[in-house]
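Positions 1 to 223 (the numbering used here) are the ones given, in order, by the sequence shown.
To be clear, the hints were calculated from the coordinates, so they are not data collected in a lab. By construction, the Cβ of each residue, glycine as well, lies at the ideal position given by its N, Cα and C atoms. Since no wrong hints were added, every one of them can be taken at face value.
Taking CB as the label site, the calculated pair distances span:
{"hint": "1", "residue 1": "CYS222", "residue 2": "SER105", "range": "20 to 28 Å"}
{"hint": "2", "residue 1": "LYS19", "residue 2": "VAL179", "range": "18 to 26 Å"}
{"hint": "3", "residue 1": "ARG159", "residue 2": "ASN101", "range": "23 to 31 Å"}
{"hint": "4", "residue 1": "TRP211", "residue 2": "PRO85", "range": "16 to 24 Å"}
{"hint": "5", "residue 1": "VAL179", "residue 2": "GLN129", "range": "13 to 21 Å"}
{"hint": "6", "residue 1": "ASN218", "residue 2": "ARG159", "range": "37 to 45 Å"}
{"hint": "7", "residue 1": "ASN69", "residue 2": "SER105", "range": "22 to 30 Å"}
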Amino acid sequence: MARIVYDGKFHCGGSLLTKDYILTAAHCVKKLRKSKIRVIFGDHDQKITSESNAIQRAVASIIKHRNFNPDTYNYDIALLKLRKPIVFSKIIKPICLPRFNYDPSGRIGTVVGWGRTSEGGDLPAIINQVKVPIMSIMECRNQKYKSTRITSTMLCAGRTNMDSCQGDSGGPLILSNGVKYFIVGIVSWGVGCGREGYPGVYTRVSKFIPWIKSNLKNTCLCS
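Take the sequences, apply the hints, and build the full model.
Dropping the structure here:
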C-alpha cells in the first residue's frame, strides 16, 4: 500500500506493482502536477514523520488510461512511474495482479486505506482495513445505482456499514490465495459510505491486465 501526497497533503492511495510503478485511480491524478506528487511507502501512521521504515519517492510520469471518463469514472485507472526505484523489504512488497478477466464475485475482499471510517468522519492517522463481499455485475446493477452506470470495467463490493470511504480512493481491494495477495479492484466511486443499496464501486483490475502490461514493458510483475 502506498500513500500519494500532493503539495504536502494526503491525497489518495495506491499499490506498488513493481520497483518503479504504482497503480492508482485516474481520478486521483487527473489534474495533478507531477512535480508536487510524493509517494510514501512503509508508513503505517501518517502522523508520525519519523517512521524508520518509511520511504518517499518523487514521480517521473503519470500514465492515465486514455479512455478515462471524469463524469462516469469509467476506465478509472492510472500508473505512476517513480523517479527512483524502490528496494523491496519485509514491509514494502509488490502486489500481484489477477489473471486477465478473472471474476472475483462471491469472494470476500479486503479494502486497505487511510480513508474516513464513517461518512463525514475525520481522516484517521492510522491505516485501516475492512472486509467486503464482492458482488457480481448483475447483483450490483440490481442495487440502487442506475444500472447503466455500472460498466464491465467496474466491480462492486461492500454491504451496509462495511465499505470504502472518502480518502480511500486509488487504494486496493485485495484477495489472498493463502500465499500471495492480489489486487482485484481500485477504490473508485460510490454514494456516501456504507449506505444501504450503494456498495463501493471499484475499477475491475482484471479487465486492464493487457493495458498494465503494455505500459510496463519488460518489467517483472507478480501474477
